[in-house]
Each structure stands twice: as structure tokens, then as C-alpha cells.
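Engineer: As a plain string of letters, each chain reads:
There are 2 protein chains.
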Amino acid sequence: MNGNKKHNFGAGPCILPESVLRKAADAVIDWNDMGLSILEVSHRSPEFESVVLKTQLLVRELLHVPDSYAVLFLQGGASTQFSMIPMNFLRGKSKAAYLDTGYFAQKAFREARHFGAAITVASSSDKEYNYIPDHFDVPSDAAYLHITSNNTIEGTEQFEFPETNIPLICDMSSDIFSRMIDVRKFDLIYAGAQKNMGPAGMTLVIIKKELMHSISHELPSMSDYRIFDANNSLYNTPPVFSIYTAMLNLLWLKDQGGVVGIEQQNIRKAMLLYREIDRNPLFYGLAQPAHRSRMNVTFKLHDPSLEAAFLEYTKARNITGIKGYRTVGGFRASLYNALPLASVEVLVKAMKDFTLEKSKQMQLTEQEELS
Amino acid sequence: MNGNKKHNFGAGPCILPESVLRKAADAVIDWNDMGLSILEVSHRSPEFESVVLKTQLLVRELLHVPDSYAVLFLQGGASTQFSMIPMNFLRGKSKAAYLDTGYFAQKAFREARHFGAAITVASSSDKEYNYIPDHFDVPSDAAYLHITSNNTIEGTEQFEFPETNIPLICDMSSDIFSRMIDVRKFDLIYAGAQKNMGPAGMTLVIIKKELMHSISHELPSMSDYRIFDANNSLYNTPPVFSIYTAMLNLLWLKDQGGVVGIEQQNIRKAMLLYREIDRNPLFYGLAQPAHRSRMNVTFKLHDPSLEAAFLEYTKARNITGIKGYRTVGGFRASLYNALPLASVEVLVKAMKDFTLEKSKQMQLTEQEELS
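Order-wise, the sequence lines are chains E and U. Remember, this note's numbering sits 9 above the position in the first sequence when you count from 1. Remember, this note's numbering sits 9 above the position in the second sequence when you count from 1.
One or more hints might be untrue.
Since the list gives no way to pick out one identical chain from another, each pair is judged satisfied if it fits inside one copy or across any two copies.
[What the hints assert, rightly or not] Straight-line distance between alpha carbons at most 20 Å, and here's what the computed EDC-like set of lysine to aspartate or glutamate pairs gives: (1) K32 with D42; (2) K116 with D238; (3) K358 with E285; (4) K324 with E56.
Simulated from the structure, these hints should not be mistaken for lab results. Keep in mind it's a predicted model, so treat the numbers as computed, not measured.
Given only the sequences and the hints, what does the whole structure look like? Please build it.
Structural biologist: Below, the structure is given as C-alpha cells:
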């Protein structure tokens, strides 16, 4: 490990396990002693087709995906799904329903309006998105209900999912593979890869085949889930390196005891940091305790004038990526799967030490004023 | 260099320069001694924003792109452009015009029909796409004329571009950066990265700003060139590693004397192989001489029963990727920028030696029959 290796709390693209990075780098030079880089193999080669298959099987195994669902790899990130979903499912329906839990949920909602009517069933915008609304009605004639399981920017996470009679679609970009979920509760799950799956450039879609086959209208090929399914995600040249590295990363996850194993580690990491935020008199957390995200911990200093000093202080300890999103301010520490507990300990120690120094400085100032 | 390094004639994803692969692999471990992998840096970091900017500047410099054009990086490959182009430009027009020069040109044409009327101005399907049609009329009320500068599967390349009064749009996926073109002749050029630009997962678009600003209708964000332009290709998380490696590869290209320099090398490589195809009594080329591609050389054996033997023969000489596309058969040797002349020499030698062996075998058989 490089001596100056950072504690990377970045929100994404984010930290990946060091062993995965080493294997990915090796494959860029020479993949499996084939005399070819992973960047220069044909996506139609049996070797790469087997990578796609293995990655799909790992997704199925790690999340207990039933056979009644297809596992697809696309491009364009969650943002492309924001329009692809209404394009596929809104046609011929009166409206689509959205739960508004933050910045990306809003973006998904706004894209739907290009294709038809979209309504918001509930919103937590009244309290700066610091909670997940839980009592709301969903119109039974809506095409689907769209939710966002983890709100990366606001630092909230949804632990109970609504029961609906209409298809439930979930953007899990920032918490997929971080905790066990019951896939059967959802009709479509999607996620940009660049948090807990792999490098930016691929999108995972887990779709109930029944929902997929309910589509009867024609669609542009690259917006048609059926085409990705029929071609085993190899309709056109896929993001080869992203898929390969995702496979390495999911193998790593399996070695950590799978999603169940990593979930325990993630709970420990999040508890450690939230405990310090609650205990430390200088800081406070942004999300309501019941809806606190384990992936993205948002917090602030009671005295905003200390922000720059705290950022400098953490930087000197090799901590990176904790500046809050520009519209929210303060800090955001992302605790994705690959972030070791030791990095959280370094951050917590920095918060304690910073507080101690500040209180010493204040005592000194008080003494000076008294003397 | 790995001793068993292959001579990679694959059609794409394809060979990249070894120095580029080494630098890309280094960055996967630790990018610029930042203590972070290129896979785990934020796309909003100043360091990565500078990569995007440098890559754009290299594209501009290498292809002499005027300021009146925008240089954009998208995802989804050329296949996504097949639908994005009519989505942006066909609205409100009576039809779009397509030149049918092969498999991918056909695919582009078929996608357009999801968005309006599309017509074929000319086709070389009458001769198995072995030439580029050059005399045809283009309706002046068409939204645009779409052409494909190099036909990867069929092995033809367009060296003269039509003069039109309507916007000219060109799929340059498999020959961009391989030869100098006059960008000003085109209104939109697009290319999947995975031939001469970088790893699969990114798409280059060079678009005349005037054309981009002629769009007045609303579009889904990820299908809207204006949004990519306004956000400097960072509207959402881009394919970070593909863009970074493309930057390395374009820097390499600059060191080769730029596009003009590589074009001379490409001409030499192609001439060497075509000369052998024409000289060798066992083989023949598929494309008409005036339209032969310098990037993808398609050829066959007069006696197809020898195909498997020739493939085995080349495999023993570390040659890979020369099997022809399944609908065409025979052989296809792709001579992209990073393929060294030495690899072409190895292939030509294999053709000569194979022919010599076959003729000796035939002589022996004749002698046996005579004796």
C-alpha cells in the first residue's frame, strides 16, 4: 500500500478495495496471461462473455435475485434511467408517481415529465429533506411508484419500503450491495456502478421479467430493456473495463461474507461516526436519527466559521472527500463498502482532537481576557 | 513487454499502445501520487476536470476542430447516437436521409424510423457493400444526411465526402484519428471510443454549435447535446477511466506526429497487407480497390476449406482477432493506429509461408499421383 494512501470519504466515484485495484491494474497490462490487455479484448470473445455471465451470477447470488428477474448492464448512469423508465412504462398510463426525498429523486421526477404526467406522492422538502416520508397514498392507476433508497446528498436512507399494488421502482445507486434487501418487493432496481459496484461507466438494472414483457410499444434499441436482455447485455460494445472491475469487486464482497457480512461492518462504521457527531459539542447531524444513511453521513459545525479550519485539520491527516455537497454545505462522510473501519476511526479521532484543541484555545482566550 | 504479447488485429475493442496501457495501469493503483486511484477520484475534482479539458483540447488540436464546434464526451456508444441524432434533429422535418454502406449504416437508419421518416439516398447492398456509392441525390428538405466514414465489418472507407446543403452527420467510430479530415465539412461527427481513441465506454461527439442551437424542442437531459455542452460533459458522472485513458492515448498520438503522422503509418501498413492479398494466389480482397479501408482489411481464401488451417497457422504465430465478422466470413485484419507495422509484417509473412507450404504440399501430391 502506498504510504500516502488517502482515507477516501468521497461520495462517488468512491473508494474501491486495494486488492481489486491491483487486479484491475494487472489486467490492464495483461489479462490472465492472454497476451492482451482487458482494454483490448473483444467483447464478443468467450473470455469476456464469461466475465459478463460471472458478474450477473454474482449479482444474483449476493442479492438473492430470483430467476423471475433479469440482471442487465447498461451505460449512462442513473441519469439515463431517469428517462428510460418513463419511456418504457409511462406510455398509455395516466401518470407516474414519485416519492420526493431529495436532489436525485427530484431529478428523476423532472425527467418523467418529458414523457407524460408525473405526480409527487409525498415530499420531505419541507424539512430540507432530512427524513423519508412514510405515510402517503399512491394512486392505484399510476404506472409505477419511484423511490430513492438512499439520498447521497442529503444523507438519508429508506429502511422500510412502501407496499403498493403498482410496480415499485427504486434508484439504489448509493446503497446497493451495502445491505440486504428483499428484491421481490421491487419490480425494477437500478444503480450507477460507481459507489459499491465498480468504476463509473456502467449501470446495473435488476428488472422483473413480467414488467419487462408488459411493454408492448416500440422503443429505440438502446432504451429498450428487452433488447439488453435478449442480447445478454452485449447488444453493442459494453463498458468492458467497468464490468470486469465490478466482477472483481463483487468477488471481494463475497469474501467479506457477502452483503450480510458487509452490512454488519457498515452498521459498525456508521454507528461509530454518528456516536461522535451526537457526543461532540461542536458538531450536529443533518438527518433525523431514524432515517440516517449508513452510506453518506451529513453533519455540520454549530459554528460555520470553523469549517475551513476543520477541513484543513482533516486534510493533514490524509482525509479526503468530506466536504458537503454545495447546496447543503457542511460535511459529508461517505462510508461505502470498501472504506475500512480504520478510516472512520481516523476521522472520529480528528473530530475529537479538533474539539479538544478548540476548547483549549477557548480556555486560553478566556484566561487572557480574565488576566 | 510480455513475451507472449499478441499481434492484435481485433476489430474493437482493439489494441492500444503499450505505453498507454502502462500509464493507465499505474493510475488505477495511484494516480499522480495523489494517494487515490483514478477509479476513486471525484469527477468534480479539479484534477479530473482538468483531464476532461485536456482531452477536449487534444481532440481540437489533433483534428483542427474550429471554435465553432463543441467537443463532447457521452456514453452509450455509436448505438446511442443512432437514436439521439433523429431525436434531436428530425423533429419538425419531413425526413432524414441515410447513405447505406453496410451493417452499422443500416442500424443507424433503422433507429431513425422510431422518430420519423427516413430514406436511403443510395446503397451498396447490391454488391455486398464492397464499395461506397458516389452519385446520388440528397433531398434538400431532409433534416440531415447521415454517412458512415468507415465500414468496420465490410472493410470499405469513404475518402470523398458528399457536398450537401443540409447538415452532414458522420459516424466515424472506426476511422476517427486515423487520417486527417476537414471537420468543417461536417455538422456532427460521432465515434465510439474503442478503436483509435480509448477504452470502450465513452463516445466522442464533435458538433457544430449552430446545429446544436437550432434545436428548440425539449429533450430528456441525457439525450440533449446542449446539456452536455453546458455542463462541459460533466452533467452526470462520466466514464472517468475511459476519458482518462483516451487522454493518454491522444497524447501518444501527438507524439507520433499527430493525425498526419499516423496517417502515413496507416497507409504504409494497409499497402503492405493489400499488396500481399493482391499478389498471393490463395487470397483475394473483398472491397473494391478505390474504397478499401485502411482500418479494416477484409479478405478471403479462394478455397474456403483452407480457412481453419490458416487461422491455426496464424494463431501459432501469436496473431489474434483476424476471423471475419460472422455475416461476412473469411478474414478481417484491423490495422488501428496502435498496431505496429511489425505486426502487419508478421501477418504478411504468415500468408507467404502458408502459401508456400500449401504449394509444396500440392507439388508433393502431384508427384505422388504421377509416380
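Engineer: Classify it for me, K116 with D238: is the Cα-Cα distance of at most 20 Å met within a copy, between copies, both or neither?
Structural biologist: Answer is between; shortest inter-copy Cα gap is 19 Å, intra-copy 26 Å.
Engineer: From the Cα coordinates, with 20 Å as the cut-off, is the pair K32 and D42 best called within, between, both, or neither?
Structural biologist: Both: 13 Å inside a chain and 19 Å across chains, each within 20 Å.
Engineer: I want to check one pair: K358 and E285. Are their C-alpha atoms no more than 20 Å apart within a copy, between two copies, both, or neither?
Structural biologist: Classified as within: same-chain Cα gap 9 Å, cross-chain 70 Å, threshold 20 Å.
Engineer: Within a copy, between copies, both or neither: where do K324 and E56 come within 20 Å Cα-Cα?
Structural biologist: between (43 Å within a copy, 16 Å between copies)
Hint compliance for this structure: every hint is met.
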